[in-house]
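Protein chains: 6
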Amino acid sequence: MPNKVEEFNAYRQQMNDKILNENNKILKRIFNLDTNAFAEGGALDKKTKELLGLVASVVLRCDDCVKYHLESSYKQGVAREEVMETLSIGTLIGGTIVIPHLRRAFEYWEALEEAKEE
Amino acid sequence: MPNKVEEFNAYRQQMNDKILNENNKILKRIFNLDTNAFAEGGALDKKTKELLGLVASVVLRCDDCVKYHLESSYKQGVAREEVMETLSIGTLIGGTIVIPHLRRAFEYWEALEEAKEE
Amino acid sequence: MPNKVEEFNAYRQQMNDKILNENNKILKRIFNLDTNAFAEGGALDKKTKELLGLVASVVLRCDDCVKYHLESSYKQGVAREEVMETLSIGTLIGGTIVIPHLRRAFEYWEALEEAKEE
Amino acid sequence: MPNKVEEFNAYRQQMNDKILNENNKILKRIFNLDTNAFAEGGALDKKTKELLGLVASVVLRCDDCVKYHLESSYKQGVAREEVMETLSIGTLIGGTIVIPHLRRAFEYWEALEEAKEE
Amino acid sequence: MPNKVEEFNAYRQQMNDKILNENNKILKRIFNLDTNAFAEGGALDKKTKELLGLVASVVLRCDDCVKYHLESSYKQGVAREEVMETLSIGTLIGGTIVIPHLRRAFEYWEALEEAKEE
Amino acid sequence: MPNKVEEFNAYRQQMNDKILNENNKILKRIFNLDTNAFAEGGALDKKTKELLGLVASVVLRCDDCVKYHLESSYKQGVAREEVMETLSIGTLIGGTIVIPHLRRAFEYWEALEEAKEE
Numbered sequence: 001m002p003n004k005v006e007e008f009n010a011y012r013q014q015m016n017d018k019i020l021n022e023n024n025k026i027l028k029r030i031f032n033l034d035t036n037a038f039a040e041g042g043a044l045d046k047k048t049k050e051l052l053g054l055v056a057s058v059v060l061r062c063d064d065c066v067k068y069h070l071e072s073s074y075k076q077g078v079a080r081e082e083v084m085e086t087l088s089i090g091t092l093i094g095g096t097i098v099i100p101h102l103r104r105a106f107e108y109w110e111a112l113e114e115a116k117e118e
Numbered sequence: 001m002p003n004k005v006e007e008f009n010a011y012r013q014q015m016n017d018k019i020l021n022e023n024n025k026i027l028k029r030i031f032n033l034d035t036n037a038f039a040e041g042g043a044l045d046k047k048t049k050e051l052l053g054l055v056a057s058v059v060l061r062c063d064d065c066v067k068y069h070l071e072s073s074y075k076q077g078v079a080r081e082e083v084m085e086t087l088s089i090g091t092l093i094g095g096t097i098v099i100p101h102l103r104r105a106f107e108y109w110e111a112l113e114e115a116k117e118e
Numbered sequence: 001m002p003n004k005v006e007e008f009n010a011y012r013q014q015m016n017d018k019i020l021n022e023n024n025k026i027l028k029r030i031f032n033l034d035t036n037a038f039a040e041g042g043a044l045d046k047k048t049k050e051l052l053g054l055v056a057s058v059v060l061r062c063d064d065c066v067k068y069h070l071e072s073s074y075k076q077g078v079a080r081e082e083v084m085e086t087l088s089i090g091t092l093i094g095g096t097i098v099i100p101h102l103r104r105a106f107e108y109w110e111a112l113e114e115a116k117e118e
Numbered sequence: 001m002p003n004k005v006e007e008f009n010a011y012r013q014q015m016n017d018k019i020l021n022e023n024n025k026i027l028k029r030i031f032n033l034d035t036n037a038f039a040e041g042g043a044l045d046k047k048t049k050e051l052l053g054l055v056a057s058v059v060l061r062c063d064d065c066v067k068y069h070l071e072s073s074y075k076q077g078v079a080r081e082e083v084m085e086t087l088s089i090g091t092l093i094g095g096t097i098v099i100p101h102l103r104r105a106f107e108y109w110e111a112l113e114e115a116k117e118e
Numbered sequence: 001m002p003n004k005v006e007e008f009n010a011y012r013q014q015m016n017d018k019i020l021n022e023n024n025k026i027l028k029r030i031f032n033l034d035t036n037a038f039a040e041g042g043a044l045d046k047k048t049k050e051l052l053g054l055v056a057s058v059v060l061r062c063d064d065c066v067k068y069h070l071e072s073s074y075k076q077g078v079a080r081e082e083v084m085e086t087l088s089i090g091t092l093i094g095g096t097i098v099i100p101h102l103r104r105a106f107e108y109w110e111a112l113e114e115a116k117e118e
Numbered sequence: 001m002p003n004k005v006e007e008f009n010a011y012r013q014q015m016n017d018k019i020l021n022e023n024n025k026i027l028k029r030i031f032n033l034d035t036n037a038f039a040e041g042g043a044l045d046k047k048t049k050e051l052l053g054l055v056a057s058v059v060l061r062c063d064d065c066v067k068y069h070l071e072s073s074y075k076q077g078v079a080r081e082e083v084m085e086t087l088s089i090g091t092l093i094g095g096t097i098v099i100p101h102l103r104r105a106f107e108y109w110e111a112l113e114e115a116k117e118e
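Protein chains in written order, with UniProt numbering: chain A, 1 to 118; chain B, 1 to 118; chain C, 1 to 118; chain D, 1 to 118; chain E, 1 to 118; chain F, 1 to 118.
Only chain A is shown next, with the shape it has when bound in the complex (with noise of 0.2 Å):
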């Protein structure tokens, strides 16, 4: 039975698949850029490029992109304490705002924790 994170990301690479399909060079790129950017190497180590592109995210008011950061800095093994203490920079910078957002990437870093226990 498909969870929360498994739902997300199936639908994230269909959809990615047929925007890639559509051989605009332009977002090709962009999506290429993407990958490159939080890859290993550069000045900084992987994970702390995953918490940048969190904090980015949560200030930025991205569910999707939120929920895309905390799995990739799930998998690099960030600590939860860690997650929290990027929430609520994100929470301070970004403002009251940012709160209905932090609930769902709550939420989400819980889903991510619970398929792991499955």
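A portion of the hints provided could be inaccurate.
Since copy identity is lost for identical chains, a pair holds within one copy or between any two.
To be verified - The calculated lysine-lysine pairs, modelled on DSS-like cross-linking and capped at a C-alpha distance of 30 Å, are: (1) K25 with K116; (2) K4 with K47; (3) K4 with K46; (4) K75 with K4.
What the hints contain is simulated information worked out from the structure, not anything from laboratory work.
Go by the hints and put chains B, C, D, E and F onto chain A.
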């Protein structure tokens, strides 16, 4: 049978409790500030402060924040015409991009009125 | 059986009617301006104006506004490649934070094409 | 010798006149709506409407809009404590990203008080 | 004697050169994409793409981006009425918060016309 | 002779002092939270937290916030390549609309390096 208002509040309360249980000091203090900022007392009356919270939520296009301030305004006895005027100022300042949020705001205001009647 | 396009339009129409019934002058005039701004006539043709509305909706990350301008563009005979190029410019200017909205935009464009075929 | 308040208003007036001279109907009507929305009359008093305009300008981080509503508020006799409370609500909702705009808002409020004394 | 247009372009060019000299691959590729996205070719003509860039810059309230696309539009032979209509659509969608940016946009358009005459 | 860094800090300090003198409790506590959130201690090290503050400021396009976190990062010994990588992630996520802020960020980083050498 839970209505839209009860569902929204139940989810909101449940997730806020979980987040506060994490004991992140920054988040706890932001939540606390949020309560204090809209409390009775200070230079402006509570009703005016709720309308300020409402219009700020509207122009920042945060549906859940709009719902929260609509309910607080409703409980303060704000009249339908006052809510409509606040929403109209938010739509003028924030632009037509606000209109989809205006539709959901109006729908929630109706749910508040219906919940009262039940 | 109502499809995604019909559902979106039905909700939109129903709530717009209710809001206009409130007789708030500012809102009535904003709704009216919105109709006029994208009408035939003026310095730019209607198709160009719809694409301007689409890219503005994309960078402001308003899913419902994107849907609305996708449908208007579709009715104006805008080609799939033109929509993709507009979406790609919006994603470049607005950043990867736009990508989740791009996925939903593409999904809705497909729904528009399917609704036509039925 | 022109002060900050006069300089701001002179530039604002000069450019508004030029823009309105272009005879673009949409822009003319938006400018007209802007005047009407904050006029006396309607469900809320003018002072409350100015504070709504101020807090919306603060959270959207528009310095010139903040200046405009600060001056209108000043002319309506809004007290310093009321302005500070409005700015504080805007900073809480909009986050610490608002603080640089808060500094400029406070500086302009002082300029308004000084201009009065002269 | 350098005018506003030359000053803007000189600063822009100088800083872009410095940034590209840092050899950050992500930034180099984003700058490159930016050039390609607005080049001749593709599904839409260059003029339409410049107007898309302009309206997106207007609603995102980025003065320097507006200046850049105003100049490119000017070089493409876009008429004053077409620019005004694009700006009016941006102001309607983005709201009155856009007006201060509209004033600066109009001022820069005049500087472009004056620079031509010299 | 005061340089750009000193000028920025002097204005910032002067206005913060004035604002805090107003004794608005909400603002005092937000300023206090801001100091605490980026202090040593907690789950993440201070350097990582400064980079989180920097990228959030970049995507929210707040020049003064960027300057502030650039200076704190500089004092923490963050390397030029690390700053460039953080700025590049911010530009990718936030889009090309961020580029004018990137230019000013880079200019300020150079001013920080020059101020050190003097």
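Going down the list of hints, with the structure as the test:
no., hint, result
1, K25 with K116, "between (37 Å within a copy, 28 Å between copies)"
2, K4 with K47, "within (23 Å within a copy, 34 Å between copies)"
3, K4 with K46, "within (25 Å within a copy, 34 Å between copies)"
4, K75 with K4, "within (16 Å within a copy, 35 Å between copies)"
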